[in-house]
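Peer 1: The primary structure of each chain is shown beneath.
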Amino acid sequence: MNMISRDKPRLVVVGNGMAGMRTVEELLKRAPGRHAITVFGAEPHVNYNRILLSSVLAGEKAMDDIVINPRAWYDDNAITLHAGDPVVAIDPAAKTVTSAGGRVEPYDQLLLATGSKPLVPPIPGLDLPGVCAFRDIHDVETMIEAAENHRRAVVIGGGLLGLEAAWGLARRGMSVAVVHLMATLMERQLDAAAGQLLQRDLDKRGLAFFTEGQTEEVYGEGHVAGVRLTDGREIPADLVVMAIGIRPEVSLAKKAGLGVNRGIVVGDDLRTTDDSIYAVGECAEHRGQVFGLVAPLWDMAKVCADSLAGLDGPPFVTPSVSTRLKITGIDVFSAGILAAADDGDDEITFADAATGVYKKLVVRDDRLVGTVLYGDVGDAAWYFQLMQDKADIGALRPQLIFGQAFAGSTIGAGPDIGAMPDDTQICGCNGVCKGAIIAAIKEKGLTSLDEVRAHTKASASCGSCTGLVQQVLAYALGGKVDVQAVPAICKCTDLGHDAVRDAIRAKSLKTQANVRAALGWRNEDGCAKCRPALNYYLLCAWPGEYVDDKYSRFINERAHANIQKDGTYSVVPRMWGGLTNPAELRAIADVAEKYAIPTVKVTGGQRIDLLGVKKEDLPKVWGDLNKAGLVSGHAYAKGLRTVKTCVGSEWCRFGTQDSTGLGIKLEKLLWGSWTPHKVKLAVSGCPRNCAEASIKDVGVVCTEAGYDILIGGNGGIEVRVTDLLVQVKTEEEVLEYAAAFLQLYREEARYLDRTAHWVARVGLDYCRARIVDDADNRRALYRRFLESQRFVQNDPWAERASQGVDALEFQPLATVV
Amino acid sequence: MARWIDIGRLEDIPRLGARTVVTAADEIAVFRTGDDQVFALKNRCPHKGGPLSEGIVHGHKVTCPLHNWVIELESGAAVAPDVGCAPRIPVKIEDGLVWLAIEDREPVLST
Numbered sequence: 004m005n006m007i008s009r010d011k012p013r014l015v016v017v018g019n020g021m022a023g024m025r026t027v028e029e030l031l032k033r034a035p036g037r038h039a040i041t042v043f044g045a046e047p048h049v050n051y052n053r054i055l056l057s058s059v060l061a062g063e064k065a066m067d068d069i070v071i072n073p074r075a076w077y078d079d080n081a082i083t084l085h086a087g088d089p090v091v092a093i094d095p096a097a098k099t100v101t102s103a104g105g106r107v108e109p110y111d112q113l114l115l116a117t118g119s120k121p122l123v124p125p126i127p128g129l130d131l132p133g134v135c136a137f138r139d140i141h142d143v144e145t146m147i148e149a150a151e152n153h154r155r156a157v158v159i160g161g162g163l164l165g166l167e168a169a170w171g172l173a174r175r176g177m178s179v180a181v182v183h184l185m186a187t188l189m190e191r192q193l194d195a196a197a198g199q200l201l202q203r204d205l206d207k208r209g210l211a212f213f214t215e216g217q218t219e220e221v222y223g224e225g226h227v228a229g230v231r232l233t234d235g236r237e238i239p240a241d242l243v244v245m246a247i248g249i250r251p252e253v254s255l256a257k258k259a260g261l262g263v264n265r266g267i268v269v270g271d272d273l274r275t276t277d278d279s280i281y282a283v284g285e286c287a288e289h290r291g292q293v294f295g296l297v298a299p300l301w302d303m304a305k306v307c308a309d310s311l312a313g314l315d316g317p318p319f320v321t322p323s324v325s326t327r328l329k330i331t332g333i334d335v336f337s338a339g340i341l342a343a344a345d346d347g348d349d350e351i352t353f354a355d356a357a358t359g360v361y362k363k364l365v366v367r368d369d370r371l372v373g374t375v376l377y378g379d380v381g382d383a384a385w386y387f388q389l390m391q392d393k394a395d396i397g398a399l400r401p402q403l404i405f406g407q408a409f410a411g412s413t414i415g416a417g418p419d420i421g422a423m424p425d426d427t428q429i430c431g432c433n434g435v436c437k438g439a440i441i442a443a444i445k446e447k448g449l450t451s452l453d454e455v456r457a458h459t460k461a462s463a464s465c466g467s468c469t470g471l472v473q474q475v476l477a478y479a480l481g482g483k484v485d486v487q488a489v490p491a492i493c494k495c496t497d498l499g500h501d502a503v504r505d506a507i508r509a510k511s512l513k514t515q516a517n518v519r520a521a522l523g524w525r526n527e528d529g530c531a532k533c534r535p536a537l538n539y540y541l542l543c544a545w546p547g548e549y550v551d552d553k554y555s556r557f558i559n560e561r562a563h564a565n566i567q568k569d570g571t572y573s574v575v576p577r578m579w580g581g582l583t584n585p586a587e588l589r590a591i592a593d594v595a596e597k598y599a600i601p602t603v604k605v606t607g608g609q610r611i612d613l614l615g616v617k618k619e620d621l622p623k624v625w626g627d628l629n630k631a632g633l634v635s636g637h638a639y640a641k642g643l644r645t646v647k648t649c650v651g652s653e654w655c656r657f658g659t660q661d662s663t664g665l666g667i668k669l670e671k672l673l674w675g676s677w678t679p680h681k682v683k684l685a686v687s688g689c690p691r692n693c694a695e696a697s698i699k700d701v702g703v704v705c706t707e708a709g710y711d712i713l714i715g716g717n718g719g720i721e722v723r724v725t726d727l728l729v730q731v732k733t734e735e736e737v738l739e740y741a742a743a744f745l746q747l748y749r750e751e752a753r754y755l756d757r758t759a760h761w762v763a764r765v766g767l768d769y770c771r772a773r774i775v776d777d778a779d780n781r782r783a784l785y786r787r788f789l790e791s792q793r794f795v796q797n798d799p800w801a802e803r804a805s806q807g808v809d810a811l812e813f814q815p816l817a818t819v820v
Numbered sequence: 124m125a126r127w128i129d130i131g132r133l134e135d136i137p138r139l140g141a142r143t144v145v146t147a148a149d150e151i152a153v154f155r156t157g158d159d160q161v162f163a164l165k166n167r168c169p170h171k172g173g174p175l176s177e178g179i180v181h182g183h184k185v186t187c188p189l190h191n192w193v194i195e196l197e198s199g200a201a202v203a204p205d206v207g208c209a210p211r212i213p214v215k216i217e218d219g220l221v222w223l224a225i226e227d228r229e230p231v232l233s234t
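Taken in sequence, the protein lines are chains A and B. For the first sequence, the residue numbers in the numbering used here are 4 to 820. For the second sequence, the residue numbers in the numbering used here are 124 to 234.
Source of the hints: derived by calculation from the structure; they are not laboratory data. A hint or two may mislead.
[To be verified] Result set (DSS-like, lysine-lysine): computed pairs, CA atoms no more than 27 angstroms apart in a straight line:
(1) A/K329 - A/K120
(2) B/K165 - A/K532
(3) B/K171 - A/K447
(4) A/K460 - B/K165
(5) B/K215 - A/K568
(6) A/K460 - B/K171
(7) A/K617 - B/K171
Sequences and hints are given; from them, build the entire structure.
Peer 2: Below, the structure is given as C-alpha cells:
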C-alpha cells in the first residue's frame with residue numbers, strides 16, 4: 004500500500020476502463036496530488052483501449068499495443084490499483100465500497116465508471132462452452148484460441164461490434180457467418196443503401212450473412228455445435244459470439260439507491276443523485292441519453308475532472324457523435340440522423356455502384372444534420388465539423404455532396420485537425436504532412452502563415468492548401484490565428500490587390516515608383532512579389548502609356564523563353580490554332596540540328612517545344628524560326644498561350660462548324676495580350692469536345708445552332724469545369740464575347756488569379772451581368788481590349804533577333820578565359 | 124592569386140538587374156542595385172544551382188528564378204529560414220568602371 008496522508012480527500016474509482024482512467028488523467032493534470040486515489044477494476048489488467056480490441060482480434064495489433072496506462076503510471080501517480088477485484092457494494096451513508104475480495108474502502112468522493120455489459124437475450128444454450136461476448140480481453144483470448152483450434156464461427160449481431168468481431172475472426176482464418184435481426188447491417192448507423200453496400204463488400208471478403216435472422220437457440224452437447232434460427236435454418240459453429248449490443252452496467256448504483264434509468268442518472272456536472280458520487284462513461288445517462296462511443300467519454304472526463312478538482316468548468320453538453328467502422332479497407336462513416344424525418348428535411352445523395360461510393364447528407368433549415376458515407380470518407384471530418392458548428396450550408400449546398408475540395412473551405416468550418424493522423428498530407432505540391440508542420444511550429448516557435456510557409460514550404464506553391472495550413476497553425480497554437488480578410492499583395496504593404504488597382508486608377512498613378520510612394524510601400528524597390536503585379540496593373544491601366552519594366556518581370560517574360568532547371572531555356576513557336584505545315588516543321592528540324600537542341604517535344608497546347616537552348620543562342624534560334632514565318636508562342640507568358648482546336652467541319656464527319664478556322668481567328672485577335680495569369684483557349688467542332696474546351700479559360704463548343712461560349716475552366720492542380728457564359732450564333736459574336744470576357748478578367752482579377760479562381764470568386768452571374776446582359780458594357784470592354792492590343796502585337800522574338808532590342812540581355816558582360 | 128580585372132562600365136549593367144562574367148572556372152553574376160551599388164556572386168543559387176543573374180533584384184537582395192530563394196547580395200547568404208551561401212567575389216567601382224577580383228593566373232580579357 005502507498006502511504007496516504009489522511010488529510011487528502013480520498014477518491015475511489017470503480018472501473019479501470021477508458022472513461023474512468025481518462026477522468027483520473029484529467030484530474031491529475033488539473034490538480035496533481037490533490038487526492039488519494041484508489042482504483043478497483045474487475046479485469047486483472049491495467050487500463051487498455053477497449054476500442055482497439057477489434058484490431059487485436061484482427062491481428063493488426065498486439066495486446067501490449069493497446070495498453071493505455073502501464074503499471075508504472077499508477078505507481079508514479081501514487082494510485083492504488085486493485086485489478087481483478089471488482090466492487091460489489093456501495094454504502095453511500097457510510098461512504099465506503101466493498102470489493103469481491105472483502106476489501107472495504109472509505110471514500111470522500113466516488114467515481115463510478117463501470118461501463119457496460121453485453122446484452123444477453125433469453126436464448127437457450129448461451130451457457131455452452133464456445134459461446135462468448137466481444138467485450139474484454141478475456142473474450143478476445145477466447146476468440147483467438149477458438150480460431151486456432153476451430154473452423155466455423157457464427158457472430159450474432161450485424162452492428163458495429165458484431166461486424167468487427169466477424170472480420171477479425173475471418174482474418175484469423177475462420178469461416179464466419181453473421182446473423183442479424185434486421186434487413187440491413189449497422190442499421191443504427193447506416194441507412195439501407197449504405198448497409199447493402201457494406202454487406203456486398205463483406206460478402207466479397209467471404210463473410211456469410213443471415214439477415215432478418217432471429218436466433219432461436221444455440222445448440223450443442225458439451226460444446227457449442229451451431230445456431231438455429233426461428234425460420235428453421237441451422238448454421239453449424241464451433242464458436243458463437245454474441246454481439247447484439249451493450250447496456251449500461253448499473254447494478255451497483257441501483258443497489259446503492261442512486262437514480263437509475265437506462266444508465267446512472269447524472270447532471271451537467273456528472274454528479275449522480277448523491278453529491279459525493281460521480282458517474283462517467285457508458286454507465287452514465289445524461290439528459291436521457293447514454294453513450295456507446297468514445298468521443299463523449301472524453302468530454303465527460305474533462306467536465307468531471309473540473310468538478311473533482313474544485314474548478315468551475317463548463318457543463319457537460321451532449322456532443323454530436325460519429326461512427327467509423329474499423330475494418331481495414333472498408334470505409335464507413337456516419338453521424339447524426341440517417342434519413343429525412345419529415346417534409347422539412349432534405350436528403351442529398353450520391354451513389355456510384357460501380358466504385359462502391361455512396362454518400363448521403365441530411366439537411367434541415369440549411370444546416371447539415373446527418374451524414375452517411377460509404378467507400379469515400381475523405382470528407383468525413385469536414386462534414387462532421389459542419390454539423391457540430393451548425394454552419395449555414397445554404398451557399399454550399401449545390402456542391403456540398405462533392406466534398407470540401409469542391410465546395411470550398413470558405414466557410415468557418417474546417418476539418419478536425421486534432422483527429423487527423425500526423426502523416427496526412429496537407430500540401431500536395433511540396434509533400435508536407437501535418438506532423439511536419441506541427442513539428443516545425445513547435446521547434447521553431449512559428450506563429451504566422453508566412454513563417455510556416457518559409458520553414459516547411461507548405462502552401463508555398465499553388466496555395467490551394469492555405470486554409471488548411473492556417474487551421475493546422477491555429478490548432479498547434481491552441482487558438483485562432485488572425486487571418487486578414489483581404490491578403491496583402493506582399494510584405495511591402497498592407498494593401499490588397501484590389502485596393503492597389505483602385506488607387507492606380509483613382510489617383511492616376513502611372514509609374515511603379517509613384518505607386519510605391521503614394522501608397523506608402525515599405526521597400527523603395529518593392530520585392531519580387533509585388534513588382535510583377537504592379538507592372539501588370541500599370542500596363543493594363545495605361546496601355547500605350549506605361550513603359551513596361553522588364554526588371555519587374557520574371558525571367559521567362561524578360562527572356563521570352565522558359566527557364567529550365569539547368570538554366571537553359573525552352574522555345575515554343577506559335578502554331579495558330581494548332582495548324583502547321585512542312586516549311587515550319589522543316590525550319591524547326593533545322594534549328595534543332597543547327598543549335599544541337601537536345602529535346603523536341605509536342606506540347607499539350609498543340610505546338611512543338613524545343614528544350615535545352617542556351618541563352619546566348621536564343622536570338623539566333625528565333626531569327627531562324629522567324630525566317631520560316633514562326634513567331635513567339637508566348638509559352639512563357641502570363642498572357643495568351645494557345646488556342647487548341649479540333650479539325651471541325653473541314654474534315655470531321657461530325658463537325659458542325661469550322662472550329663480550326665475559328666480557333667485561328669481567336670488566336671490572331673488575342674495573341675500578345677498580357678493577363679493576370681496564363682490564358683488558354685480551345686474550340687471544339689461539336690459537342691464531342693475533342694479539343695477539351697470545357698477545362699479552358701475560354702472554351703467554344705460548336706453546335707448545329709451556333710456556338711456555346713464557356714468560361715473559367717482549368718485543368719491544373721484543381722480541375723474546374725467551365726461555366727456556360729452564353730450561346731451565340733456567329734463567329735463575330737464569339738470573338739467579341741471572348742475578348743470582352745478577357746478584358747473584364749484583365750481589368751478586375753488579381754495578379755496570378757487564373758480565370759477559374761476569379762470566376763469562382765466573383766460568380767458566373769456577375770460575368771453574365773457585365774458581358775451578356777449589358778451589351779453596352781460588353782462593347783466597351785471589347786473596344787478597350789482592341790485598343791490595348793494595338794501596343795502589344797509585335798513579335799518579341801523578331802524584336803530581339805533582328806531589331807536589336809535587349810541585346811545585352813543575351814550576352815555576358817565579359818568573358819575571362 | 125586574385126587579380127583585379129576591369130569587366131566593363133557601370134552603365135553596362137542594368138539598374139535592378141545583373142550581367143554575367145564567364146571565367147575559365149565559373150560564371151559570375153554581377154548585380155547593380157537601385158542605389159547603384161554593385162555586387163558579385165558566383166552565379167549559382169545555394170539551393171539548386173539556379174542562375175541568380177536571372178532573378179529579380181530588390182533592395183540588396185535577389186530572388187532566385189527557380190524556386191524563389193532570396194539571397195543577400197552583400198554576403199551571398201540565403202535569407203532565413205533557408206540556409207546556404209553563394210560565394211562572394213570582391214568587386215569595386217573606380218571611375219565608372221567595374222572591377223572584379225578573379226582567381227586566375229593568366230587572364231585574357233575579351234568582351
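Peer 1: Holds or violated: B/K171 with A/K447, Cα cutoff 27 angstroms?
Peer 2: 24 angstroms, holds
Peer 1: Just to be careful, I want the Cα atoms of B/K165 and A/K532 compared with a cutoff of 27 angstroms; is the pair within it?
Peer 2: Measuring from Cα to Cα gives roughly 24 angstroms; hence the hint holds.
Peer 1: Is A/K460 within 27 angstroms of B/K171, Cα to Cα?
Peer 2: Holds, at roughly 15 angstroms.
Peer 1: Take the C-alpha atoms of A/K460 and B/K165, compute the straight-line distance between them, and say whether it is at most 27 angstroms.
Peer 2: Holds. A/K460 to B/K165 sits at ~25 angstroms (cutoff 27 angstroms).
Peer 1: Holds or violated: B/K215 and A/K568, Cα atoms, limit 27 angstroms.
Peer 2: Distance of about 31 angstroms is beyond 27 angstroms: violated.
Peer 1: Given the hint that A/K329 pairs with A/K120, does the C-alpha gap stay at or below 27 angstroms?
Peer 2: It holds: about 21 angstroms lies between the C-alpha atoms, which stays within 27 angstroms.
Peer 1: For a C-alpha distance cap of 27 angstroms, please report whether A/K617 and B/K171 respect it.
Peer 2: With a Cα-Cα distance of about 18 angstroms, the restraint between A/K617 and B/K171 holds, given a limit of 27 angstroms.
Of the numbered hints given earlier, the model fails hint 5 alone.
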